[in-house]
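Q: Starting from the known structure of chain A, arrange chain B on it as the hints suggest.
Chains A and B, in that order, are what the protein sequence lines are.
The numbering of the first sequence is my numbering, which starts it at 964 and goes up by one.
The numbering of the second sequence is my numbering, which starts it at 323 and goes up by one.
Just so you know, these hints were derived from the structure itself, not from any lab.
Careful, some of the hints might be misleading.
Stated by the list, open to error - Cross-link-like lysine-lysine pairs, in silico, DSS-like; alpha carbons within 30 Å at most:
(1) Lys1019(A) <-> Lys473(B)
(2) Lys1136(A) <-> Lys1034(A)
(3) Lys1012(A) <-> Lys604(B)
(4) Lys1034(A) <-> Lys473(B)
(5) Lys1012(A) <-> Lys411(B)
(6) Lys1078(A) <-> Lys411(B)
(7) Lys1078(A) <-> Lys1034(A)
(8) Lys1019(A) <-> Lys599(B)
(9) Lys1034(A) <-> Lys1019(A)
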Amino acid sequence: MSTPAIAVENVTVHYGEVLALDAASLTVDPARICGLVGMNGSGKSTLFKVIMGMVKPDAGTVRIGGQPPSKARREGGIGYVPQSEEVDWQFPLSVRDVVMMGRYGHQGFTRRASKADRAAVDEALDRVELGDYAGRQIGQLSGGQKKRAFVARGIAQGATIMLLDEPFAGVDKRSEATITRLLRELASDGCTILVSTHDLHALPQLCDEAVLLMHKVLMHGPPERVLQPENLAMAFGLDVLNRKEAG
Amino acid sequence: MELLLEPLSYDFMVRAIVTTALAAVVCAVLSCWLVLIGWSLMGDAVSHAVLPGVVLAYIVGAPFALGALVFALIAVTLIGVVRNTSRVKEDAAIGIVFSSLFALGLVLISVTPSQTDLNHIIFGNLLGVSIPDLIQVLVLGVVAFAILILKRRDLTLYAFDPTHAHAIGLSPQRLGALLLGLLALTSVVALQTVGVVLVVAMLIIPGATAYLLTDRFSRMLVIAPVVSAVCSIAGIYLSYYLDTASGAMVVLTQGVVFAVVYLFSPRQGLIGTRLAKARRRKAAALAAA
Chain A
964 MSTPAIAVEN VTVHYGEVLA LDAASLTVDP ARICGLVGMN GSGKSTLFKV
1014 IMGMVKPDAG TVRIGGQPPS KARREGGIGY VPQSEEVDWQ FPLSVRDVVM
1064 MGRYGHQGFT RRASKADRAA VDEALDRVEL GDYAGRQIGQ LSGGQKKRAF
1114 VARGIAQGAT IMLLDEPFAG VDKRSEATIT RLLRELASDG CTILVSTHDL
1164 HALPQLCDEA VLLMHKVLMH GPPERVLQPE NLAMAFGLDV LNRKEAG
Chain B
323 MELLLEPLSY DFMVRAIVTT ALAAVVCAVL SCWLVLIGWS LMGDAVSHAV
373 LPGVVLAYIV GAPFALGALV FALIAVTLIG VVRNTSRVKE DAAIGIVFSS
423 LFALGLVLIS VTPSQTDLNH IIFGNLLGVS IPDLIQVLVL GVVAFAILIL
473 KRRDLTLYAF DPTHAHAIGL SPQRLGALLL GLLALTSVVA LQTVGVVLVV
523 AMLIIPGATA YLLTDRFSRM LVIAPVVSAV CSIAGIYLSY YLDTASGAMV
573 VLTQGVVFAV VYLFSPRQGL IGTRLAKARR RKAAALAAA
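Bound conformation, chain A alone (with noise of 0.2 Å):
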């Protein structure tokens, strides 16, 4: 059996008296999509933020790799794609400037980038389709756009494991299915996607495998079967699933 590529056991998180992450256990194999549904409040960016160590948990263990996140982080594995309202989209860089701090980690003291980064970042800029937009302030691109732009980030960064932050809020179906496209050539290419979630209809297109959370993993399976309803009201109460099956 080959090592997961992220491995999290019995983690527990609280903040101050908040309990966020309760005993939850993942484990994900390499090269898999891996979504990540739950109701606001339910633990998802907390495991985010575990898995990129800028959470210590009060319990249990974090791999990524086999290693501990810390290494995997400065060795450049991990690839983060925020969630839109967490960027300042007035922030007065380009396109290629925002790919570029995904060399940060390969480069000196100053950060100077060499003839390499520059070559990564038209790669992975031409791998997400935006090579004629790396000129372009940020906020100029479409929803769809502005998340390839921070794929891309992670693509130039030669992550291995990728998170992404509700890629599908403010994205229109046609973006949203060059994103799912993308997502998928990166998985068949090696890299480990996890990928939280409120649109449960792209789940099937897009991931190998479910995870429902609600503090702790309820269910992880295929997405057609974490997806059944019956589960699904485990995770968010039967409220939604009512207000569904009336709308």
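A: For chain B alone, kept in the frame of chain A given last:
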């Protein structure tokens, strides 16, 4: 020409111009990050809170920068403590801490003999810059400037996306601390010229002006210091000929230039964008006809 050269025949004017231009450049470079992170209030706070540190340093004969750094650190720590351990929100915490420390500085000045010297710290004393003052500003300014420029890419990454900084193994905490330290250092540089009360203007206005003029951070880092240096020198000349307070005149000039850019910037300006729109409409109408 005569008008430009005449003031330069006085040594004190030359020193004033050199000091101000230097402080203006360092402050302007730093301001690019401050306005983008949303740390303007923090700049205000730190530049005021260093006052007791500077006074204490003066009393014991230590370098001003040392006292300023210590009190900048104290201010930031206290702000964090008040915010995190009570229901008081951050802006209130900042207001409480910096005004109290500033007041402490004023009290210390009032009980320290040789008050005149220290009063200059509050409103600046551009025309009374001595040679040692100039050397201190020069050394601190060059150090702060060099660090800012060498680490500019990391600082921009920190401002734009600290999570990514963390994800690639950098420490956002350390970068934030570096920026705060540089803020304290820069405050000391600017104290000499415009004084504690007006430092914040030098720490915000140039960055904000440049931000309205370009969509590229690398260009902001050129525009802000150039605009700031030109404004500062213009301000000194104006104060010389109008016989007004020099520090205040420097800040006023910067404010006026910001207002002009705010109104007429082709991309972001209030009137500039409307003019551009009208031109486009006219062109479209002509093309249609």
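Q: If a hint holds in the structure, say so; if it does not, say that too.
A: These are the hints, each one checked on the structure:
1. Lys1019(A) <-> Lys473(B): Judged against 30 Å, a Cα distance of about 28 Å means the pair holds.
2. Lys1136(A) <-> Lys1034(A): violated (37 Å)
3. Lys1012(A) <-> Lys604(B): violated (53 Å)
4. Lys1034(A) <-> Lys473(B): holds (23 Å)
5. Lys1012(A) <-> Lys411(B): holds (25 Å)
6. Lys1078(A) <-> Lys411(B): violated (47 Å)
7. Lys1078(A) <-> Lys1034(A): holds (26 Å)
8. Lys1019(A) <-> Lys599(B): violated (52 Å)
9. Lys1034(A) <-> Lys1019(A): Since the Cα atoms of lysine 1034(A) and lysine 1019(A) sit roughly 15 Å apart, the hinted pair holds (cutoff 30 Å).
Hints 2, 3, 6, 8, counting from the list given before, are not met by this structure.
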